[in-house]
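Enquirer: Below, each chain spelled out in residue letters.
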Amino acid sequence: MGRADFRNPVSESRRAKWITIFVAGVFLALVLFIPLVAVFVEAFRLGWGAVLAAITQPDALAAIRLTLLVAAISVPLNMVFGVAAAWAIAKYEFKGKAFLTTLIDLPFSVSPVIAGLVYVLLFGTGSFLGPIFNSAGMQILFAVPGVVLATMFVTFPFVARELIPLMEDQGTGDEEAAISLGASGWQTFWRVTLPNIKWGLLYGVLLSNARAMGEFGAVSVVSGRLRGETVTMPLHIEILYNEYNFAAAFAVAALLALLALVTLVLKALLERVYGRDHAGAVRH
Amino acid sequence: MSVVTSSKARWRWKQPSVIPGFGLTLGFAIAYLSLIVLIPLAGVAWRSAALGWDEFFRIATDARVVAALRTSFWTAGLAAVINAVFGVIVAWVLVRYEFPGRRLVDAAVDLPFALPTAVAGIALTALYASTGWIGQYFVDWGIRIAYTPTGIVIALIFIGLPFVVRTVQPVLEDFDSEVEEAAATLGASRTQTIFSIILPALFPAILTGFALAFGRAVGEYGSVIFIAGNIPYVSEIAPLLIVMRLEEFNYPAAAAIGAIMLIFAFIILFAINLIQAWSRRRYGHG
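Residue numbers (the UniProt record's numbering), protein chains in the order written: chain A, 1 to 284; chain B, 1 to 286.
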């Protein structure tokens, strides 16, 4: 018997192992790693100065400001919703719970373009609501409120999705103990529930924020692309790219890619403190 | 005693609980869900219904709409199949093997969730264009990737990559090694064990990952429009057609195409729920 045949019967041969790793590596390199590297290489092709100039140009600054504003509004609102929904779903037994959970997941199953489309149909010409808001002097579509609404739609399930399984696993024992010891509902939430779910909450907020800042399809439909007013960073990249200003497009793209990398690092750290078991929700 | 019996006999939709806040949290959640998601979505159904059946049918069977839907579905399907195959390989490597950089690769698998689609779109286009780092090698063989349906498939592979890996990975981690040992003891070769014991057990997870990747890819817009070239009847995807109809202010047509895509999205969602229910019954995990 040759040495090569002499191996653990529940593992593969060394050769098979390294071939498999090589295949996985080539695949990941082609669709994941090389594209990521390409963003930074293309951005820095003309040097640091060009990158800084592209990022500090007035339209780019306006896009960065709008992106931050949109995330600052949509993420906290969805966070409050996520906590409320998870509380209702995880702490009580009631009929229709599974159906409600499916409805909360709905935005993940819907094309981002449809997320934009629904608000165009709701507030655009020929709609019922558009004229009402217009006569009140409020522009929703092709204005900042529309961009915020579309972003809220696509990031809607993140926090709830993260918290529902976590809070279901934790059960109701802690809260029941707190209530029976005389704590009020709010005291129970702030002092018992919130410390229990803080890492999961942070995880959901992190993913929600990454999506909110990077959303393209939904926002592009409702934005109207008014430069300096309704153009977010991803839309600014598209505008620059379509003007063949590739260096500037990749410079702004590099900034967003950096955000994605920071998100991944924080995500990996959170998974370490909070456990992969819970941080495994696959549907983002 | 009679009070207890009567309350037991009564049908109740909620079990009693000492924890306060049910009305507040459920009420807020349902109100917010309705305002942001349900009512706007109902608008699509309402606007397409307002078209009438004949008009809806005319838009749905328009040659360009049919071509765009066909392109969206076959590219999404092919990308999901490729992701199912390579996703299992990547999950296998991450769970079963130790090698330098494993944790880094594991974290990087989620990149498509974190990287904005527009960034992915322009990066992939730059790489797979006929002058790009990767595209230039294929041009020599007469294969163009960017600005063809092949480019769409590449973008959709990127977008769907994490789904299969992340659904298969936990199942593989929990896989009972005793089963493999039993197979080996009974004389199965390693290849037999992998293909007749392990892969069948992973099948529900692979199917779920496939369906999630497929569902996401059918609706994907941001990364595709840069690399697709968007040639009508060839590399034009259905979401782009919705955007074009909206830009022409042809809202009824946009709503009709949107409604068709929504119906498919619901079918996929339903299929995923079925797979998971079946898998829980059959294998004890979702």
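For the record, the hints were derived by calculation from the structure and aren't laboratory data.
Wrong hints could be hidden among the right ones.
[Stated by the list, open to error] Here are the simulated distance ranges between beta carbons: (1) A:V23 - B:Q136: 44 to 54 Å; (2) A:N245 - B:P232: 20 to 30 Å; (3) A:G49 - B:P232: 34 to 44 Å.
Computed from a predicted structure; not experimentally measured.
Backbone N, C-alpha and C define an ideal beta-carbon position, used for all residues, glycine too.
Enquirer: Against this structure, judge whether each hint is valid.
Expert: Here is how each hint holds up against the structure:
A C-beta distance of roughly 23 Å is found between A:V23 and B:Q136, which places it outside the suggested range of 44 to 54 Å. The given range of 20 to 30 Å is respected by A:N245 and B:P232, whose C-beta atoms sit roughly 26 Å from each other. Hint check: A:G49 to B:P232, Cβ distance near 41 Å, so the stated range 34 to 44 Å holds.
Violated hint for the displayed structure: number 1, the only one.
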